[in-house]
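Asks: Which chain is which? The protein sequence lines are D and Y, in order.
For the first sequence, position 173 (counting from the first letter as 1) is numbered 173 according to full-length UniProt numbering, and the numbering increases by one without interruption.
For the second sequence, position 139 (counting from the first letter as 1) is numbered 139 according to full-length UniProt numbering, and the numbering increases by one without interruption.
There may be inaccurate statements among the hints.
[What the hints assert, rightly or not] 30 Å max Cα-Cα, derived DSS-like pairs, lysine-lysine:
| # | chain 1 | residue 1 | chain 2 | residue 2 |
| --- | --- | --- | --- | --- |
| 1 | Y | K219 | Y | K136 |
| 2 | D | K217 | Y | K60 |
| 3 | D | K235 | Y | K78 |
[What the hints assert, rightly or not] Residues of chain Y clear of chain D, computed beta-carbon distances all greater than 10 Å:
| # | residue |
| --- | --- |
| 4 | L31 |
| 5 | N62 |
| 6 | V66 |
| 7 | S129 |
| 8 | I135 |
| 9 | M148 |
| 10 | K162 |
| 11 | R165 |
| 12 | K235 |
| 13 | P236 |
By construction, these hints were calculated from the structure, which means they are not laboratory data.
Each residue gets a CB set at the ideal place from its N, CA and C atoms; glycine is no exception.
Each chain is listed here by its residues.
2 protein chains.
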Amino acid sequence: MDNMNLGKHISGQFNTELENVRNQVLVMGGLVEQQLTDALAAIHDQDLDAARRIVGSDHKVNAMEVAIDEECTRIIAKRQPTASDLRLVMAIIKTIAELERIGDVAERIARMLTDNANKPQPPLVSLESMGRRTIKMLHDVLDAFARMDLDAAIAVYQEDDKVDRDYESVIRELMTYMMEDPRTIPQVLNVLWAARAIERVGDRCQHICEYIIYFVKGKDVRHTKGDEFTNLVNKP
Amino acid sequence: MDNMNLGKHISGQFNTELENVRNQVLVMGGLVEQQLTDALAAIHDQDLDAARRIVGSDHKVNAMEVAIDEECTRIIAKRQPTASDLRLVMAIIKTIAELERIGDVAERIARMLTDNANKPQPPLVSLESMGRRTIKMLHDVLDAFARMDLDAAIAVYQEDDKVDRDYESVIRELMTYMMEDPRTIPQVLNVLWAARAIERVGDRCQHICEYIIYFVKGKDVRHTKGDEFTNLVNKP
Chain D
1 MDNMNLGKHI SGQFNTELEN VRNQVLVMGG LVEQQLTDAL AAIHDQDLDA
51 ARRIVGSDHK VNAMEVAIDE ECTRIIAKRQ PTASDLRLVM AIIKTIAELE
101 RIGDVAERIA RMLTDNANKP QPPLVSLESM GRRTIKMLHD VLDAFARMDL
151 DAAIAVYQED DKVDRDYESV IRELMTYMME DPRTIPQVLN VLWAARAIER
201 VGDRCQHICE YIIYFVKGKD VRHTKGDEFT NLVNKP
Chain Y
1 MDNMNLGKHI SGQFNTELEN VRNQVLVMGG LVEQQLTDAL AAIHDQDLDA
51 ARRIVGSDHK VNAMEVAIDE ECTRIIAKRQ PTASDLRLVM AIIKTIAELE
101 RIGDVAERIA RMLTDNANKP QPPLVSLESM GRRTIKMLHD VLDAFARMDL
151 DAAIAVYQED DKVDRDYESV IRELMTYMME DPRTIPQVLN VLWAARAIER
201 VGDRCQHICE YIIYFVKGKD VRHTKGDEFT NLVNKP
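So that you can see chain D by itself, here it is in the shape it has in the complex (with noise of 0.2 Å):
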């Protein structure tokens, strides 16, 4: 299935070009969901020395967002794209936005186990199974985007779910934890603040997944949900 088109333009220049930011993209997810697997890892090892890396190279995935987003202006400015191009500029725009917003969330994680590095240590294993599976839905929304596969984006969409599930049972794990020993109240809210952030990682997958379907299908159905939802992405 060739959803791309790629084929189509006249000028091979504007195929390159496509094709490139394309893939500036997937490197930069790369990076982000790099940096997202080793701040999960540093909390499980406790590792102080990953956690500074992961804090001192979140401006790499930054630059990356503001380069990818000019390429992307000067290639509507010259190429004046429509249809289905002008679709996929927009749908990377969009996407960018969505991975820088994640990269800051492995910052966020990193910055929590270097600021409490002498303080006593929270319940942090509680955020591992809702870690996992938010870095395999950003994995596989990646891989969706490579392929723009309006399918694998729908499968991806509904992952959440359960990333939503995983993370009340952590809030009400955490919320016991604080009423059996207010003394970790302080220690606690910054996991706390992590499983929202890891949550929240969840959603804007969901949000890449609307882009890819914006993308393929044509539609916006951003803010639509069950029924209307499937409707949308299911109509011819």
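Starting from the known structure of chain D, arrange chain Y on it as the hints suggest.
Replies: Chain Y in isolation, oriented as in the chain D frame:
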């Protein structure tokens, strides 16, 4: 100061379209500002009916975002804008995404009230000063957007430090509250989420400032801080 350079277009119709879409952004912004104001008033007055109305009207903001987004893509495809016209369209696309998320914050605050209708009241009062300050930031950034006023945008940008300080103080207050009476933890956590959401409104207003600066100066100042930010903004 005519930053808009609207007079330069050969096509009067194009002028009208750009002017219309800018006006729609201001209408959307006004609606979001009203919802945030109403949500904070509902907290103050413990007004559940008002809170339910806010929850019920978030779809209006969502629909406006989708409509303006579509109109921007249509303008790009049909009018093939370049230079400052293209920057204006890009700034609009990004601004409405921030406004939509600010609308979500109003909804979340309202839901916190409706979901906890019959439970003991947590110390909601601590959100007021912070809430007032972020509403003022939102009002002022919309005003700066209407006039594409660089100096006004920079002034709003700098206000966020005060919101951050308010937020820190709210968090400390709520933490003390929980430690003194751990039975209140579930309710107080709701207030914490609301405080966090309001603090994020300040960040989102800063993002809109960055889009105004991008339009006026043609420079992407995201992810720059301190001297680097000042230098980029002040360079001719």
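Asks: Does each hint hold? Answer for all of them.
Replies: Verification of the supplied hints:
{"no.": "1", "hint": "Y:K219 x Y:K136", "in the structure": "holds, 26 Å"}
{"no.": "2", "hint": "D:K217 x Y:K60", "in the structure": "holds, 24 Å"}
{"no.": "3", "hint": "D:K235 x Y:K78", "in the structure": "holds, 26 Å"}
{"no.": "4", "hint": "L31", "in the structure": "holds, 15 Å"}
{"no.": "5", "hint": "N62", "in the structure": "violated, 4 Å"}
{"no.": "6", "hint": "V66", "in the structure": "violated, 5 Å"}
{"no.": "7", "hint": "S129", "in the structure": "holds, 21 Å"}
{"no.": "8", "hint": "I135", "in the structure": "holds, 23 Å"}
{"no.": "9", "hint": "M148", "in the structure": "holds, 18 Å"}
{"no.": "10", "hint": "K162", "in the structure": "holds, 21 Å"}
{"no.": "11", "hint": "R165", "in the structure": "holds, 18 Å"}
{"no.": "12", "hint": "K235", "in the structure": "holds, 17 Å"}
{"no.": "13", "hint": "P236", "in the structure": "holds, 20 Å"}
Going through the hint list in order, the structure does not satisfy hints 5, 6.
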